[in-house]
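Novice: Sequence:
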Amino acid sequence: MPLPVNRNASPEGRVSAVVRERVPLLPQPKYWLLWAIVLSAVVLAIGFTVKTVPGVTTSELGVDQDLSLHHIAALTALAMTINTLFGPVGGACVIFVIALYLFAVRKSLVRTIMFVLVACSGWAASEVFKLIVARHRPNPALLFDPLAPETGSNSFPSGHTSFAVALAFALYFLVRGTRWATFTAWAGAVVAVVVAWSRLYVGVHYPSDVTASFFAATAAVIAMAGLWNRYAPRVLERRPLGSAEGDAAVQDATPGLAIADGTTEGRGA
Numbered sequence: 001m002p003l004p005v006n007r008n009a010s011p012e013g014r015v016s017a018v019v020r021e022r023v024p025l026l027p028q029p030k031y032w033l034l035w036a037i038v039l040s041a042v043v044l045a046i047g048f049t050v051k052t053v054p055g056v057t058t059s060e061l062g063v064d065q066d067l068s069l070h071h072i073a074a075l076t077a078l079a080m081t082i083n084t085l086f087g088p089v090g091g092a093c094v095i096f097v098i099a100l101y102l103f104a105v106r107k108s109l110v111r112t113i114m115f116v117l118v119a120c121s122g123w124a125a126s127e128v129f130k131l132i133v134a135r136h137r138p139n140p141a142l143l144f145d146p147l148a149p150e151t152g153s154n155s156f157p158s159g160h161t162s163f164a165v166a167l168a169f170a171l172y173f174l175v176r177g178t179r180w181a182t183f184t185a186w187a188g189a190v191v192a193v194v195v196a197w198s199r200l201y202v203g204v205h206y207p208s209d210v211t212a213s214f215f216a217a218t219a220a221v222i223a224m225a226g227l228w229n230r231y232a233p234r235v236l237e238r239r240p241l242g243s244a245e246g247d248a249a250v251q252d253a254t255p256g257l258a259i260a261d262g263t264t265e266g267r268g269a
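To convert, note that position 18 of the sequence shown is 18 in the working numbering; the numbers rise steadily by one, no gaps.
Subject to a maximum C-alpha distance of 25 Å in a straight line, what follows is the list of computed DMTMM-like cross-link-like pairs (lysine to aspartate or glutamate):
hint : residue 1 : residue 2
1    : 51        : 150
2    : 51        : 66
3    : 51        : 127
Derived Cβ-Cβ restraints for the label pairs, each shown as a range:
hint : residue 1 : residue 2 : range
4    : 73        : 101       : 25 to 35 Å
5    : 132       : 105       : 31 to 41 Å
6    : 186       : 63        : 20 to 30 Å
7    : 142       : 100       : 39 to 49 Å
8    : 77        : 230       : 38 to 48 Å
For the record, the hints were derived by calculation from the structure and aren't laboratory data.
Quantities reported herein were computed from a predicted structural model and do not represent experimental measurements.
Cβ coordinates follow ideal geometry from the N, Cα and C atoms, glycine included.
All chains should be modelled from the sequences, with the hints used to inform the complete structure.
Specialist: What follows is the structure in structure tokens.
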């Protein structure tokens with residue numbers, strides 16, 4: 001049920017009540033911080049294991065070499081498109097377009113901020129783990145057909161895959177509670193797996209890199225959800241986005257978006 005608004009309260013009080021109602025609370029495990037720490041520990045355990053245990057990297061390179069021997073034009077085009085679309089520049093453009101839609105069309109600054117933070121959390125996590133583990137990428141000279149030769153100690157985990165996983169979570173959070181929730185969840189999972197495959201196909205990551213990306217991005221999203229639920233309502237109460245009447249009008253104009261108590265409004269539910 002929507003939170004009650006006291007009509008006799010001051011304008012500031014009414015604004016605060018409406019803002020609290022409009023802040024979407026994200027799903028999170030009960031012990032969210034512990035889950036984030038455990039998943040991060042799993043990522044680090046995988047990273048240091050594959051980097052230090054003799055023979056692991058060589059056997060993983062065999063997967064990349066096998067894929068490099070069997071490139072097909074259509075799959076190559078798909079993999080290279082993913083390489084651009086989920087890379088730093090392409091990913092930033094994807095986030096910008098969706099954020100612009102949420103802000104300019106759906107008139108929801110709160111959900112715009114929420115989406116950007118969740119979507120970027122995967123990238124942020126991958127960069128942190130890359131600095132810690134510092135695993136070198138597959139040597140393109142050892143591949144039959146290197147499609148996008150890259151070198152350096154930034155192989156573990158995959159930033160492209162981490163971004164795809166976090167983006168899937170962010171989009172699901174936007175439509176949670178609507179008819180699109182199940183489709184978005186499955187579509188996001190499929191896209192993330194395809195992105196992971198593409199990084200092996202292109203030859204710039206090892207299998208353990210992309211596998212660990214799912215754990216890294218999930219840990220980041222869980223941490224972000226916990227921090228959002230804990231602090232976002234407090235911050236937004238102190239910085240109301242407009243008048244009570246204006247916020248109520250915007251809420252009526254944005255059907256199908258989940259609100260704080262887990263219900264939805266509009267015909268999209």
